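Taken in sequence, the protein lines are chains A and B.
The opening residue of the first sequence carries number 0 in numbering that gives the first Met the number 0; numbering runs sequentially from there.
The opening residue of the second sequence carries number 0 in numbering that gives the first Met the number 0; numbering runs sequentially from there.
Since the hints were made in silico from the structure, they are not lab data.
Among the clues, some could well be false.
Said to hold, decoys possible - Simulated pairs of lysine-lysine, DSS-like, Cα-Cα distance not exceeding 27 Å: (1) B:Lys254 - B:Lys191; (2) B:Lys195 - B:Lys254; (3) B:Lys191 - A:Lys6; (4) B:Lys195 - A:Lys6.
Claimed, not checked - Label pairs and their calculated CB-CB ranges: (5) B:Met0 - A:Glu11: 40 to 46 Å; (6) A:His62 - B:Gly11: 17 to 23 Å; (7) B:Trp259 - A:Ala58: 42 to 48 Å; (8) B:Ser98 - A:Ser21: 36 to 42 Å; (9) B:Leu273 - A:Ala29: 39 to 45 Å; (10) A:Gly59 - B:Arg119: 44 to 50 Å; (11) A:Glu52 - B:Val97: 21 to 27 Å.
Remember, predicted model here, so these are calculated numbers, not experimental data.
Where a beta carbon is used, it is the ideal one built from N, C-alpha and C, also for glycine.
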Amino acid sequence: MAELTDKQMEIEIGHMLRTGVSLSAFVVFAGGILYLRSRSNTPDYSHFHAASESLRTIAGVLHGVARFDAASIIQLGILLLIATPVVRVVLCVAGFSRQRNRLYMGVSALVLAILTYSLLAGGR
Amino acid sequence: MDASSFSALVFGTSVVAGLLGALTGLGGGVVIVPVLALLFKVDIRYAIGASLVSVIATSSGAAAAYVREGLSNVRIGMFLEVATTLGALLGAYLTARVSSHWIAIIFGAVLLYSAYSSYRQKGDHPIAITLNPLAERLQLCGSYPTDSGETTYSAQHVPMGFGIMFGAGTLSGLLGIGSGAVKVLAMDQAMKLPFKVSTTTSNFMIGVTAAASAGIYLARGYIDPGLAMPVMLGVLGGSMIGSRILVKAKVSTLKIVFVWVIAALGAEMIFSGLTGRI
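If we strip away everything but chain A, and leave its shape as in the complex, we get (with noise of 0.2 Å):
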């Protein structure tokens, strides 16, 4: 395979990047929809309580999709797009994989273990 340059990867990541925002936003426009027709009064922000349990976890927001439920259909859009950076970083570990670039391999491997992480052990 050709020599990957920095500059080819990172347009690479550019279209995916792209392409997670879009469809995130797509999700979320969606959801934002069904939200409002079956809403009527906004919620009491002022005062914080959190969301509700189902929706703070992505077993939750599944399940939540599953029934159709606008809330979770929004949230999964969110969680689509809190994906697209952590792609991202798995395409920089491939791409300095194939430019058997050891150092960078490493270090975005790090960033990666770091965002895993967060997704999965956050807030425990």
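Given the coordinates of chain A, assemble chain B onto it according to the supplied hints.
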């Protein structure tokens, strides 16, 4: 207020915030949090949750446009992301420990600094070409296109840059903002990288940094779909319009006006924090 008018109002405000954030280069997050907290009386934890989501969207959305110019540096960005993501974890843990008064006060200070740094923004300093042994070992160098052809650069003061980036990550996780101004400070001022390389690499890093605290925000219930939806869509739309205008028009007058708006919001946040209204 019913849900539709509330969402429409928040959406419209977010479009303006995203537009102004893109025009000044400060990002939509620094505007939307104080506006939600001060104007809409939204609890600051919901405000930073919604803002963080919009920060990921604008950073990732803008990156595609930047890479074509060949200005950002993927290695420098990735190396410094180790610092920003660790900082972001710390910041996200701190939001639950620090009272909202203090969050408001720290937020105000960051706003005042951002306004100052944007006001003072100037051209490039002479680019360091002397090789720094640590930067060389870490491959923190590159080249970028200028009027006089490709120019090479190499990072200086690597530990200091790394340290400031950790601080930028902490602020990002604590306040739900991209903290682009602090990231640029680390790369432009400390590491002596060319200004354009600093700003575009910073934009690339913001999404990854924000994703590190987003997991924790989600688990804590800071991200409320009803609020995050209009904020994310609005800021994203506004910043897309903003970056188009930026290519075409000179915006220096608008920028000065907006810098004063940011400074005023900063002062108001500090005042609200001190008097216990936030």
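Tested hints:
no. : hint                           : in the structure
1   : B:Lys254 - B:Lys191            : holds (25 Å)
2   : B:Lys195 - B:Lys254            : holds (18 Å)
3   : B:Lys191 - A:Lys6              : holds (22 Å)
4   : B:Lys195 - A:Lys6              : holds (16 Å)
5   : B:Met0 - A:Glu11: 40 to 46 Å   : holds (45 Å)
6   : A:His62 - B:Gly11: 17 to 23 Å  : violated (33 Å)
7   : B:Trp259 - A:Ala58: 42 to 48 Å : holds (47 Å)
8   : B:Ser98 - A:Ser21: 36 to 42 Å  : holds (39 Å)
9   : B:Leu273 - A:Ala29: 39 to 45 Å : holds (43 Å)
10  : A:Gly59 - B:Arg119: 44 to 50 Å : holds (46 Å)
11  : A:Glu52 - B:Val97: 21 to 27 Å  : holds (24 Å)
Hint violations for this structure: number 6 only, all remaining hints satisfied.
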